[in-house]
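Next come the chains, spelled out residue by residue.
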Amino acid sequence: MSARPLRVVGQPVPRVDALEKVTGRARYVTDLTVSGMAHAKVLRSPYAHARVRRVDVTRARVLPGVFAAIAGADLTWCDPYYGPAYRDRPVLAIDVARYEGEPVAAVAAVDEATAEAALELIDVDYEPLAPAMTLEEALAPGAPLVHTGQPPAGHFADLATLRPQPGTNVCHQFHFARGDTAAALSGADVVVEDAYRFPSVQHVALEPHAVLAAWDETGGLTLWASTQNPYSVRVELAKMFDVPLARIRVVVPHLGGGFGSKTYAKLEPLAATLARAAGRPVRLAASIPEAFQTVRRCASRVNVRVGFRRDGTLVAVECAADYDVGAYADIGPRVVQKGTYTATGPYRVPHVRLESRAVYTNTTPGGAFRGFGVPQLAWALESLFDVAADRLSRDPVDLRRQNFLAHGEEFAPGDTPIDGKLEESLGRAAEAIGWNRTGAADRGRGIAAMLKASVAPTVSEAIVRLHADGSVSVLASAVEMGQGTRTVLAQIAAEVLSVSLDRVTVVQPDTAVTPYDQTTSSSRSTAMTGRAVQIAAEDVREQLLAVVAQRLGLATRDLALADGVVVAPSRRLTYAEALALRFGMSGGELIGRGVIAPGRTAAPLGGSTPFWEMAVGAAEVSVDEETGAVRVERYVSVADVGRAINPLTLEGQDEGGVVQGLGHTLLEEMLYADGHLLNGTLLVYRVPRADDAPSELECRFVENADGSGPFGAKGAGEGSLIPVSPAVANALARLTGVRLRDLPLTPERVWRALRARPPRA
Amino acid sequence: MKIRVIVNGRARELEIDAHALLLDVLRDGLDLKGAKRSCDMQVCGACTVLVDGLAVSACTYLALEADGRSVLTVEGLADGESLHPLQRAFIDAGAVQCGFCTSGMLLTARAMLAENAKPTRADVLHYLRGSLCRCTGYRKIVDAVLAAAENAR
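If you read the protein sequences in the order shown, they are chains C and P.
Note that our numbering numbers the first sequence so that position 627 is 702, with each residue one more than the last.
Note that our numbering numbers the second sequence so that position 151 is 293, with each residue one more than the last.
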């Protein structure tokens, strides 16, 4: 069976949802209405840090058209706290507002205008407190404390051992060490060291967060939510409202982008709370400025020391990283832990000491964002690699190649061995960018690599149904947010069951219908959910073969599936005919189940990554010396994906990843002054436009079918983003001699650095 | 107040508030959900529709200004079941990901092709400056627009 050539998997077929999207028929949360639905608006704190002495909603409550107006003090009927790492976040501020934009009160009314008008009638008595806005302020002795108590732990499996530092703003610390790093560094021939900063950036999914929440007459709750994690949202709500998981239904229509911003509960707790208070369904749709007040990437400052022997052998890495997780932990502690764990990148490093801290500040909560803590550290390590290459008089490509982990080599004791060929990605990227060819004098080239773990322990389940007419349903809870997961899952089922793609329907995630899936993040859906779908489809296939074998008195090995037909030596039965044999009528169905649950292991993070994501990026840049503006003229990304289930959608993912990476590399940074976010709208927060993208952009794939996912696939989608910053900065350094350590590489920063350059000999 | 407007080829008489935005009238009044609300300040292009053939941001365009004019939304782009060449090209080129920018991209491209039937890549890049996409990296969108222009010839 395995030798059979693939028909659908590996083909660049158009997305299964393309037609509904180009005709405007695809439905997103804000396109849905239910009978009696009210509209919500949120009153947010104008202060970064303030005591909330009193919130008076009585005037808002009596405004005609208002169904509910609530504040934190009203939430006595539920547990008002939530959060995946710590349950530190109240639905509405209780006693203290910890960041500008924190929800303080909320209104549900007959329409948005009435809700807006009601917000004007809410009186809040704030006592402003000194805020801690930056890592420096938050870590200073005597810093204002963002949280004074110790909040209870949340529900995340690999955060069983949270390590806060009581009496400080440090909410989690992570340590990882092997060997004798101090001795190795003191014995190294070349040690490079520097501090690198990564900015706070926002995902800018074009669809801001949105939820429609409705309680039913039996006390059950249904939400239509723009979430990447319906099952995680369900857990939070079940705890808050003390309702069994089975009574909470989270339905996920199309998402208008996610990028990590829609992982874990965001607005769902507030929408559900308001719907209960209003006694009717409530839609809460955030604006883009409110998305800036909901989640962002964890900014970081990291100090990294890297030691090499004269022959280029990497001997030690020491890293101290501080991540700004904002006012509430969200998943920040895991971002910090996972990012730090792979601070050594895709390299063999005998001596390692990594220490990192997740630090509360009075800013928008930091959370998951494509790359999940890895871009912050890859920025430092990959920049330092080029600094070291310079010191060692080595070619940066060669120095990387010399130190890469080999296929099958251990990354850390107990964790998954390296499952890809880094040298192949590197070689292809170098070749495509023309590394060894002489380029134009006004262009510089740079290269960078990355390694990222996926989430573990992890669970994905899937159900595949073969219906009486031979068509197929795939029930899985991977969320379609643009990455193409519905298409990939359909291709996998179509391949295994030998039906055409148009015979397969992937059901939208709905916790009442589609089975458990941990999360749509961590580049895991193709590999994990996809593998569960493959197993479920194989289960159906075996059932189908068994039915026919039994009825015809043959062995299953005598049968084969081809184009919706069971082929026996002397007979051909359509699937519909085969099912009619089984059930004695046209009706009934075969149901297959697939479960992926590798469980806990002895790996440092408590589970072995199901695959490693590996990629190399190569940039060719130019710079306007008059203005400092950097332009990425050409970019090549090569990702080791095992197998591209759909090269067309995969290419789209990686091209998008590169351009999103260019955002934090050249343009994007959330800027605060005097406790206020200065640029929380798209008018002043510039994301890449069409003309900012590289003039030539190529995304390629290494496919050796060596992944644990279906047909040898590994995850993809984050890998292309991570090398962008160091590849561009390395190119700029090779072109101009200027080495920048703070992102983004704005024209002003580059111009100043160019001006400060010592005259070249 | 009352306006007369042709929406996707069909004459409509609509009762609206003077301050009603075209986007709300289309989405809530006419149930045409293809135009999306995102930045709300004429930056992102997700709400783009055509008024007398010109691309406008429906999020900031007063519905009453459409009085006596013709509005085209993404729902009116195909000719019955027959897709517009831009729609076909977007599907084939993989220019659609999350889809939230897609209707605005399609209509902006249509307005451009009406002005300039033979755009260069640079023309397309310039014209799409008012249309943000966070998923694709733009290359496939630009390719799709160029392919549609080519096919229309």
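Derived from the structure by calculation, the hints contain no laboratory data.
Be aware that a few hints might be false.
[As the list claims (entries may be wrong)] Derived, one-sided and incomplete: chain C residues facing chain P with beta-carbon distance under 10 Å:
hint : residue
1    : Gly85
2    : Pro87
3    : Val97
4    : Arg384
5    : Asp386
6    : Gln735
7    : Val762
[What the hints assert, rightly or not] Covered by chain C, according to a simulated footprint, are these stretches of chain P (three or more residues, beta-carbon under 8 Å):
hint : region
8    : 173 to 184
9    : 196 to 208
10   : 215 to 221
11   : 238 to 251
12   : 278 to 288
Where is the CB? At the ideal position from N, CA and C, for every residue including glycine.
Hints not upheld, ascending by number: Result: hints 1, 4, 5 and 9 break, sorted rising.
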